[in-house]
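Once you've looked at the hints, dock chains U and R against the given chain Z.
Residue numbers (my numbering), protein chains in the order written: chain Z, 1 to 253; chain U, 254 to 391; chain R, 392 to 529.
Quick caveat, the hints were computed from the structure, so don't treat them as lab data. What you were told as hints is all true, and nothing was included just to trick you.
Computed cross-link-like contacts, DSBU-like style, restricted to lysine-lysine with a CA-CA straight-line distance of at most 30 Å:
#1 R:429 - R:487
#2 R:484 - Z:201
#3 Z:63 - R:439
#4 U:352 - R:524
#5 R:429 - Z:88
#6 Z:117 - R:454
#7 Z:32 - R:429
#8 R:524 - R:505
#9 Z:63 - R:454
#10 R:487 - Z:201
#11 Z:117 - R:439
#12 R:487 - R:454
#13 Z:63 - Z:133
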Amino acid sequence: MGKRGQGMQFNWIFVVVAGAIILAMFTGFAVKYVDLRESINDAEIGRGLDQIFLSAKSTAQYKTFDIGREFDINFFCDESVNEFIINKNYGQEYDYVLFGGDYEDVEELIIWSREFKHPFRVDNIIYVFDPRKTVAVIGDAQGFEDGLPEGIQVVNQNQADIVVNAGPNEDLAFVYARMVSDDETYNCGVELLQDKFENVKSIYYGKASNMPGCASIYADLRTELTMLSLDSDVESLEDKNRDLSDVGCEVVF
Amino acid sequence: MVKKGQIEAMGLVIILVLLVLLGLFFLKYSGKEEVDSDRFLTIRANNFLNSLRQVSIGVNSFEDLALECCAGGNCGNVGPRVSANGDGYLDEDFYFELKCADESTPVVKSTNCASTVASGHVVLVSGDEMFVRLCRDF
Amino acid sequence: MKRGQLQIQETAIVIFIITVIIAIALIVFYRYTIDDIKDDNARYLDIKAKGLIEILPNLPELKVSELGIEADWCIDKKKALIFDNGFYDFGRKRLKIDEIVLYDELGVGQDTRKFSSPVCMYDPMNGRKTMAKLVVEW
Chain Z
1 MGKRGQGMQF
11 NWIFVVVAGA
21 IILAMFTGFA
31 VKYVDLRESI
41 NDAEIGRGLD
51 QIFLSAKSTA
61 QYKTFDIGRE
71 FDINFFCDES
81 VNEFIINKNY
91 GQEYDYVLFG
101 GDYEDVEELI
111 IWSREFKHPF
121 RVDNIIYVFD
131 PRKTVAVIGD
141 AQGFEDGLPE
151 GIQVVNQNQA
161 DIVVNAGPNE
171 DLAFVYARMV
181 SDDETYNCGV
191 ELLQDKFENV
201 KSIYYGKASN
211 MPGCASIYAD
221 LRTELTMLSL
231 DSDVESLEDK
241 NRDLSDVGCE
251 VVF
Chain U
254 MVKKGQIEAM
264 GLVIILVLLV
274 LLGLFFLKYS
284 GKEEVDSDRF
294 LTIRANNFLN
304 SLRQVSIGVN
314 SFEDLALECC
324 AGGNCGNVGP
334 RVSANGDGYL
344 DEDFYFELKC
354 ADESTPVVKS
364 TNCASTVASG
374 HVVLVSGDEM
384 FVRLCRDF
Chain R
392 MKRGQLQIQE
402 TAIVIFIITV
412 IIAIALIVFY
422 RYTIDDIKDD
432 NARYLDIKAK
442 GLIEILPNLP
452 ELKVSELGIE
462 ADWCIDKKKA
472 LIFDNGFYDF
482 GRKRLKIDEI
492 VLYDELGVGQ
502 DTRKFSSPVC
512 MYDPMNGRKT
522 MAKLVVEW
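One chain only, chain Z, in its complex shape (with noise of 0.2 Å):
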């Protein structure tokens, strides 16, 4: 008698303990599950950012991100690559001009892309900012909250989240630029932005070697290409691109 009810107690603990196993599983497998469900997530807000952005650098224009939930977002570079991280844990990569900063617990992101010309347009730059955040700019910045989108506060000094510093006649694309990022991000997105200048230049500069006609203004304008850098001055090309209009000969930009 005593021996039946000993295999019965022993059957009852084999049960549990197998039961055990299996629950251990269970759970084990719920919490992979729940970790690749993030990751998913995570995916799809990076890539749903950068079609927004790619969509943004058609035509100047602003727009908010919002998902409803808080996530966070990091901007990372180096000379190899260029990504924005979401959650910590994916990384998007892009290669276009785009500035941005690492902001935490944020559920809604103000975009907000703008033409930059010297003197043709160069590219529609991006700018991602926090709208929880205030701004204040310094120095002489003509037009600073005119460019700016609906939705970002500008204050004074003391009351402001990010000071931003204007040189004298800096073109306001920089400005924004060091507004949004960290010092990291905007070198990054100054060096894609000179990068990108230099192909556009390159582009123009192969137009003006193939035209007929008005062959002195073509010379010395790809003269004044070859000169030409971010820091330049672009009335004498300017003029001489309006002088092939004057002649009647085909403009190059």
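Frame of chain Z; chains U and R shown alone:
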């Protein structure tokens, strides 16, 4: 008695697992529609109209032709020009309409689509409008 | 004793079979999720490719610009002819406007997908704008 209970329990578990498996397969193969392609077809339709209006006709543009038509001039060339610039450049059949601001009879390229996949719309400086509808082949 | 041992063995077999069934179900679900992710990825690549019909006509390296004013959806033929200079990396794709190859990293012998859009093409040599077809292959 215990043996019978165990067999029943095992049977229930097997049925449950099979149901879950079936459910998963059903979900996987129930088909997810490509909703995004509609957005790009709309871009295609608008690209067509924005390009069409700029196409050179002699020293003028198609837009000039359309404006002249709506201002009471010759409309006979509008349809053929639309066909020449649509066929071969759009992958699908399309319906085009020039609607003049004074709401006179629209210049129409073809019969209406049985089913539309995307549409585009452009308003000219005069207030006259151009519409295009890309047709689904059924 | 023998009866008890039989019972234990029975229980063990039952639990073993249930565990195997559950393991198979989990493996199937895992494979299903992987396939789902692959489908999502393929869909994303499609969107990236089709989106080029909106991006390319607006690139300053292609878009018509006359004294600082740009013509919407109109591509400068001179620029298109020198566009392929290695600056852009669009991945494994082929991009063409009519016969002009803008970019070609597609390789041969693969099933490809195509998406196209009409665009306006401006030829600075004769000052005329014509309809052209932008084709993205991937």
